[in-house]
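Use these hints to put chain B onto chain A, whose structure you have.
If you're matching them up, the sequences are chains A and B in order.
Quick note, the first sequence lines up with residues 1 to 190 if you use the working numbering.
Quick note, the second sequence lines up with residues 191 to 863 if you use the working numbering.
Misleading hints may appear alongside valid ones.
Just a few of them, taken from the derived set where beta-carbon distance is under 10 angstroms, the chain A residues facing chain B [said to hold, decoys possible]:
1. Ala97
2. Ala143
3. Gln146
By construction, these hints were calculated from the structure, which means they are not laboratory data.
This one's a predicted model, so the numbers in the text were calculated from it and none came from an experiment.
Backbone N, C-alpha and C define an ideal beta-carbon position, used for all residues, glycine too.
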Amino acid sequence: MNTEQNNLQSGLLCAAWGYFFLYFDFSVSTINLLPRFAGYLLLLSAIDRLSEERRELGLLRFLCILLAGWSGADWLAGCFGADLYGYFPPLDLIITAVGLYFHFQFLTDAAALAEKYQPPGAGLDRRLLNCRTICVVSNTVIALCQSFLDGFIGGWQAWALAACSFIGMAAALTAMFGLFSLRKSLVSTE
Amino acid sequence: MTDIWSFLLQTLTASGVAALLLVIKALFRDKLSPRWQFAVWGILGAMLLVPAGFRGRYVLLNWPLLVETLKSILTGRFGTLTRVAAPLPLPAISPPRTLWDWLYLVYAGGVILLLTRYAVAYVRLRRLLKRGRTAKAEGLNAVSEKYGLPLCPAVEVEGLSSAFVCGVFRPVLALPAGAEPEEKVLLHELLHLKYRDAAWGLVICFFRCIHWCNPLLWHCANLAGNDLETLCDWRVLERLEGEERRDYGRILLDMTDEKYANLPGTSSMANGGGNIRRRIEAIARFKRYPEGMGLVSVCVALVLICPLLVGARTKTLTGSENPYVRMASARTTWCTTFAGAFDTYAKAVFTDRADYRAMCAPLSDQDELAGLWSLTLTEGESFQGTPAFVKKWGSWLDQEISWKDRVDRSRGYQIFNLIRRENGWEGLLVLYLRIPPKGQTWSGTDRDRWLMTQPLFAQKEEGRWVVHPQGELQAVQGDIRDGGILELPALEYEAQAGDFLLRARCQTAAYVDSYQEEMRFGLSDFDIVFDTVPVPDGNFTGWSYQTLEAEYLGTEEGKKNYQSIGIACKPLWGDEGRSDLTETGAAGEFAEKFGGGGSYSNSNGEQWASRPLDGNWENTIYLTGLEGTDVFPIDPPDRYAVEFYLNEKKVGEFTLLPVTASPGPGPAIAKTE
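So here's chain A without its partners, still in its complex pose (with noise of 0.2 angstroms):
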């Protein structure tokens, strides 16, 4: 195996294993065992080594560190039982916005690399395309309605932001799932 092909395999492995970090938790006390940093680090890691394939990549390198660093700041906070969200409104603003573009652009990514290497007929492209868009607009509309909420959520706006979250989570999943097929018809390929 080429080092390309093995830096695509392991890249899109990496890619996989971080969303699942970022959507699932397992909490023992206030430790969570599935902590949101860890997978951050794992797209990190997915961005270097996928980055040679495609270069765009390559810009969303420092917003990936941002992100790990904010969710290894909160993970930390957590087990004391603290909460950094809330506790300095610009800051929240700002990993928002960062967080909002990083994975339209991660997956926008994955999608093209989906496009080259996939098998045909496999429509995995069009797939993590959908899943980008659905997870963007999901989470913008979570985080509109928690601006304009003031904390307080209650009867429908609680079904509605559930809805949105449910919808948002399983888009990520299957993305998520998307590139595990990827990464299999690959080495399946080889």
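Using the frame of chain A, we list chain B on its own:
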């Protein structure tokens, strides 16, 4: 803006947003298109147009707290609240008297001076252009036709170093005399014309003048102008291919050392050496953005602009105990509901905290409260007796027992008989005492419980709910039952039935639910404690109380004719018919229970009660009481339908009608000595 403080608040708020945008733009510099990079300045523009501190909200950081603290420190006053009436400087309300008034005058003068300077420069430029000669049209027409762009009059002017478009409503393209303009330069300027970029230049210049003394906003104005030029470069590059793009970059390089016109209403291709170098770097990064980028660009802009426009509201006081900071925090932590205002006042009385009181006090009381807060700090926790704030309202309170020991915090507070008035809400504050007033006794039960009451009125003043006490704190000894507190005012309904006057009393009580579970140390169970931290945006939980009684009006001798008394009662609203009382089988159920005496009620507020009348019975017979939770605001019944029984026989059906217009918040018993 009518004073220096409102300008400070407006400009600081805008500065916070500007700083955020600078960070965001740096993060997305090479990721989102030049169109987005320029459009995102619209967020700052919107914030500059929205009055800061609107409805007690702040943007990103609590700037109102900072400004209020600074104002109090520098002026020594606590009784004003900075408001931004408009995002532009307006004439001051009164002639300048203080240093701060004169500072505002200097600021306003600066705005007028800058606006005048730019206007004069623009007029001079237009006159200069009028003296220019009409430029040759062939090159212009060719570019316009090739790229489908609009045209405007063009003039050649001596001494110009670069081309520019001047004017928004009657634009003119100014060209250097003696030189044949490059096609790409004409393309750049015609694109400025097509998208009316000179108008954006005017807007940027206007905000630059309004915030002339804010270097950060001045810097942002420069950056916005540069982004406008970069956007125009991008539009040019979209229309060029391959080598033409490199040519365009070379043309820009040649302009690095040229002087340029930086006037409102103009747009110039040359905008300074440093800026041109940045634009060339942007050209090197040029790419056509892929499909879908529009969506994420809009989403990122939305998640930025919406929280900024909506703002946030502080709901808790700052932790600092410094009087200036604390009182500023109290003034800027608005009570946004009347329930929140009553709650805050009640807890201010509970804890005797002037800062809590300041949250719901009119601005006219703030100076005095600031003095009381400072007193609290100097006296410290060891202060005994009745602290200054409560003493102001309860002159009868003795000094021997500390306030903390006197009030029973576990019972919380209630606002009795809340009534909506034309311009506010009226109610009676009720607190429970653990220790009776000096010289008084208490059995320790709720039958003769000592209470503290105070009539209150809440109204909105300039957006804040404030509470005005309508009298002193007074001690009242009350009989607390299921049907309410007998000695407190109530809505009364009466009807005469032979020798008896039948009476129903209705009281309502409301409070903001502040009970919390507190884990007992080392154990797995909890105590329920009452949290004395104010909830300025709270909503009421409501309770209603009903009591039924009969008052004997006949002679002492006539009493022996009566061996038992009974009543079946149902509250009615609107057009409800009294026949419902019988249809529900109330009479039948009542008969079952009648013999031994007792009372019964259901969730509809219907009640049945009977009492044996043997021996020496009192003239006033308490029959039954009922309490229940209710959705606030509680609507008292319009009347009561009653079936009256004497000696186990029904003597008639009556309707109890209201006899008091309102429960009246005033205390029932005069203060103790």
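These are the hints, each one checked on the structure:
{"no.": "1", "hint": "Ala97", "in the structure": "holds (5 angstroms)"}
{"no.": "2", "hint": "Ala143", "in the structure": "holds (5 angstroms)"}
{"no.": "3", "hint": "Gln146", "in the structure": "holds (8 angstroms)"}
The structure shown violates none of the earlier numbered hints.
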